[in-house]
Structure formats: C-alpha cells, structure tokens
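Student: Below are the chains, spelled out letter by letter.
Protein chains: 2
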Amino acid sequence: MTQNIYDDPNFFAGYATLDRSVKGLDGAPEWPVLQTMLPEVQGKQIIDLGCGYGWFCRWAQEQGAAGVLGLDVSEKMLERAREMTQSPLIDYQIRDLESLQLASSSLDLAYSSLALHYLQNIDGLFASLFSALKPGGMLVFSAEHPVYTAPPKQGWIVDAEGQKSWPVSHYQQEGERISNWFADGVKKQHRKLATWINALIAAGFVIERLEEWGPDAAQIAANPALDEEKERPMIFLLSARKPASR
Amino acid sequence: MTQNIYDDPNFFAGYATLDRSVKGLDGAPEWPVLQTMLPEVQGKQIIDLGCGYGWFCRWAQEQGAAGVLGLDVSEKMLERAREMTQSPLIDYQIRDLESLQLASSSLDLAYSSLALHYLQNIDGLFASLFSALKPGGMLVFSAEHPVYTAPPKQGWIVDAEGQKSWPVSHYQQEGERISNWFADGVKKQHRKLATWINALIAAGFVIERLEEWGPDAAQIAANPALDEEKERPMIFLLSARKPASR
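Here the protein sequences come in this chain order: B and L. Residue numbers are given in our numbering: position 220 of the first sequence equals residue 247, and the series is strictly consecutive. Residue numbers are given in our numbering: position 1 of the second sequence equals residue 28, and the series is strictly consecutive.
The set of hints was computed from the structure by calculation and includes no laboratory data. There could be a bad hint or two in this list.
All copies of an identical chain are treated as equivalent in the list; a pair is satisfied when it fits inside any one copy or across any two copies.
Claimed, not checked - Dumping the calculated SDA-like pairs for lysine to any residue here, alpha-carbon to alpha-carbon at most 25 Å:
#1 Lys-214 <-> Gln-128
#2 Lys-180 <-> Glu-203
#3 Lys-50 <-> Ser-158
#4 Lys-257 <-> Pro-270
#5 Lys-215 <-> Asp-243
#6 Lys-257 <-> Ile-149
#7 Lys-257 <-> Gln-147
#8 Lys-180 <-> Trp-58
#9 Lys-215 <-> Arg-107
#10 Lys-103 <-> Asn-207
#11 Lys-50 <-> Pro-178
#12 Lys-191 <-> Asn-207
#13 Lys-50 <-> Asn-225
#14 Lys-257 <-> Thr-63
#15 Lys-257 <-> Asp-243
#16 Lys-161 <-> Thr-44
#17 Lys-257 <-> Ser-206
#18 Lys-214 <-> Glu-188
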C-alpha cells in the first residue's frame, strides 16, 4: 500500500497553498506542455491516477470526455474534489494504484500528474494500464525527474559568481528517498529515466514523446521563482501508446 | 562539418592511452551492457559511425558479419584501424556524419560508440540512418549523458562527509559545450535526453531500450576509479528499431 501522506494534516494544509492546488491546471507551469501531449479527449473514457482535487477530471469533462474516473489514496483530497464537481460523468474513488484492478480494453486515456513517483511497484501498474487501455489508447503522465529525486539530501549550491547548480549523487541507486516537503518523512521512489522507459516498453507500450520540462522565458518573467528550473530538469512528462494492432 | 579533434596531436596522443583505445571493447566498462542491446550480427550488413581504431568493426566481423563499414572523420584513427585489420569484409572510410549519404534499405545495424554528441545536426543523421536501414533494422549507440554534458564548467564537489556530487546546471540550455579533454577547445553538443529520444521517434524509429550506464560492484572492485560513476549517469546507451512493416 502506498503511503498516504496527503491525509497528514500538515501536508494537506501545505499542499492546499500551492498554485497548482488553488488555481488548478493553470497553476502548474508544466501543464501547457503536458496538454500538447494529450490525445483528443472528446467522447473518450479517461482515468486520472492520483487525481487530487480533480482539476484534470473536470477539465476533461468540460472538453467533452464521455466518462472520467479519478482515483486517489486520500479521502480528504477526494472530499474537496467532490465539492468542486457537478457533472455525473465524473466519478471519484479511493484506490491504491499499486494493486489496481481495471476492466480490460475499457479506457482511451490514462493520465497521471506527479503521483507515480510515490509507487514502489511501477511494473504492475503499467501492466494493468496496458491491459485496461483499448488498442490505440494512451498513457500520459508526469513525475519527478530522477535528477531531482536522486540525492538523498536535496538542495541547490551557489558558486562565487552566483551560479546555481543542483548536486546529483546516488543516481544509480534506485529506491526510497525521504523528503520533508510540508511534512516529515514523505516517501518517494527514485527511478532512473531508463527504468521508467524500459518498464513501459516491457509492458507493451510504444514511447511517443518525452519532455524534461523547463520554464520558458515568459514563465520566468511572470514568476521569477521558476528561474532556477533552467538549471535542472525537475519534472519529466511522458506519453506512450498501446499499439493499435498487435 | 564536425570538428575533427582526433587529429590534434595532443588529443590523439592522450586518447591513445585510454583503456578503450589500448584494450578495445573490453576496456570500455559500458560494453557488457551495450553488447546485450545489439541484435545478432551474423550475416548482417553493419555500419559503425565514429569507428576510431575499428575495435567494434573487427569484433562484428569475428562474430560473422557479412560486411562492416567503419566511418570516421580522423585519418589518423583510420590509419591505425587499417593496420590492425586483416579482413576484406571490413572497409574504413573518412566521412562527415553530418552529411552522410547511404544507399536506402542497405543496412541491418547502425552502431556508434561515444561519437554522436560531437554532431550539431542529429535530426539529419537519424533521417539518413532510418532510410539506410532495412525494415526491422536497428540503431544502437552510446553518447555522453546530458547530466554529464550540461554544466559549462565540469567538476565533482565533495561535501564535509566525503560524499561526491556532480553539480548540474544549464540543463535546459542545449547547444555547444567546450571541454579541455586531452586538448583545448574540444566541442561537444549538450542535448537533453528527451531531445535524443524525440528526434529518433520523429525519424520513424521505435525506442527499444535505454540504459543510463553505471558500474556494477565487480567493476568498481576491479577498477576503483569507477566508483564515482555510481553518483551520476555519465553515458547513455540507446537501441531503436525501424519497424518491420510500415
């Protein structure tokens, strides 16, 4: 069972203050790129893994999705999601992503934003999703980049000229990393980018596009705190397809 | 035209002292993994892009390849390669990889070891190789990892506890990097891993496997200098296939 840090009161309170919590998709600087990686959602059956407040579920429904299922481990997050949701086309369910059972060939799109790096067993999830997708269906997700997750102690260094660098260590040592982000003892999994990609291929997926997201000049001008994200890849975005015929 | 640093006397002399120059494939610690990514070479038509001393060309011929073409920009390297080669099945030619012309559907395998990060125009090369490969043919190559190439000034840092880290900066800023490796002013290109992968996909390739190479415990025991490569990915290995039917 994946750790449910989102129901920790400190974490929940801290997370609620983030731009991506308050403003939804438009508060997530990687969303403009992630959006271009999505297939047409109109008329489609969609699942959102780690849906949180349900921002993506509602966006997909507004774009004409036929049905959206939002899954999360946090009862508190889903409570907020339900409060903000009117459409009967959206359903929210508590579900552990590491033991997901889904009807085969039932989905057009599996989506996930910054949730899968919490999971220990990614191979099992990718096998489940491959089976649950219709031929031609897509998996599009973001996760923390291994350059970001690798060092057990995370922090920028600044040299004499003011140049920021992100010190990478333990990159080859995959497994648990503990961070203290809004709460102590948040457990994440460090996986090499190669491991993510090879796991998708092993499950049967064809890789369609990888992005190692960084801010553009306009985003930095509007939000100078993003400037340091030029120096490292903090998040990666990946789209993969279940082949149309096998 | 790609810079030909290999004909610089200092560079040539320095490069000649490397394990991978003296011992060939067995002197390259990533070779055991790279070898597992290769298709069967017996009876195949093979090209080696940046063949250097021709170690891989001779290995492929010994494994029963039908024909091997080794390409390089360095006349000195090819001179040494020819001195070490007996088989008439191997041909060496001076060729600029950025303006490569090859007969279409003529090759089973395109191979390259630590050469493609010198090229400015990777899209053109991948398009040429895709056309030159037979359906089902493969491209297998290694290159310097973007975590390694990103920082304009490269060097380890060591903290108070002796932990080594590799400071990453300028990751999002792709383009030329100048290093002083055996000679001053060696020009390389920094590209995000995403850029390499998306360029292959854009050319029509299907990604088969990615490895972000690191040493195993036995390699570190035999060569303690490799220990620091646990901390970062220095080299990536990639295999991609031209689909059998299109």
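Student: None of the hints should be skipped; say for each whether it holds.
Tutor: A quick look at each hint next to the structure:
no. : hint                : verdict
1   : Lys-214 <-> Gln-128 : within (24 Å within a copy, 51 Å between copies)
2   : Lys-180 <-> Glu-203 : within (12 Å within a copy, 31 Å between copies)
3   : Lys-50 <-> Ser-158  : neither (34 Å within a copy, 47 Å between copies)
4   : Lys-257 <-> Pro-270 : neither (34 Å within a copy, 36 Å between copies)
5   : Lys-215 <-> Asp-243 : between (27 Å within a copy, 24 Å between copies)
6   : Lys-257 <-> Ile-149 : between (28 Å within a copy, 23 Å between copies)
7   : Lys-257 <-> Gln-147 : between (29 Å within a copy, 21 Å between copies)
8   : Lys-180 <-> Trp-58  : neither (28 Å within a copy, 32 Å between copies)
9   : Lys-215 <-> Arg-107 : within (24 Å within a copy, 50 Å between copies)
10  : Lys-103 <-> Asn-207 : within (20 Å within a copy, 55 Å between copies)
11  : Lys-50 <-> Pro-178  : neither (30 Å within a copy, 34 Å between copies)
12  : Lys-191 <-> Asn-207 : both (22 Å within a copy, 22 Å between copies)
13  : Lys-50 <-> Asn-225  : neither (34 Å within a copy, 31 Å between copies)
14  : Lys-257 <-> Thr-63  : within (20 Å within a copy, 35 Å between copies)
15  : Lys-257 <-> Asp-243 : within (8 Å within a copy, 32 Å between copies)
16  : Lys-161 <-> Thr-44  : neither (37 Å within a copy, 55 Å between copies)
17  : Lys-257 <-> Ser-206 : both (22 Å within a copy, 21 Å between copies)
18  : Lys-214 <-> Glu-188 : between (35 Å within a copy, 24 Å between copies)
Going through the hint list in order, the structure does not satisfy hints 3, 4, 8, 11, 13, 16.
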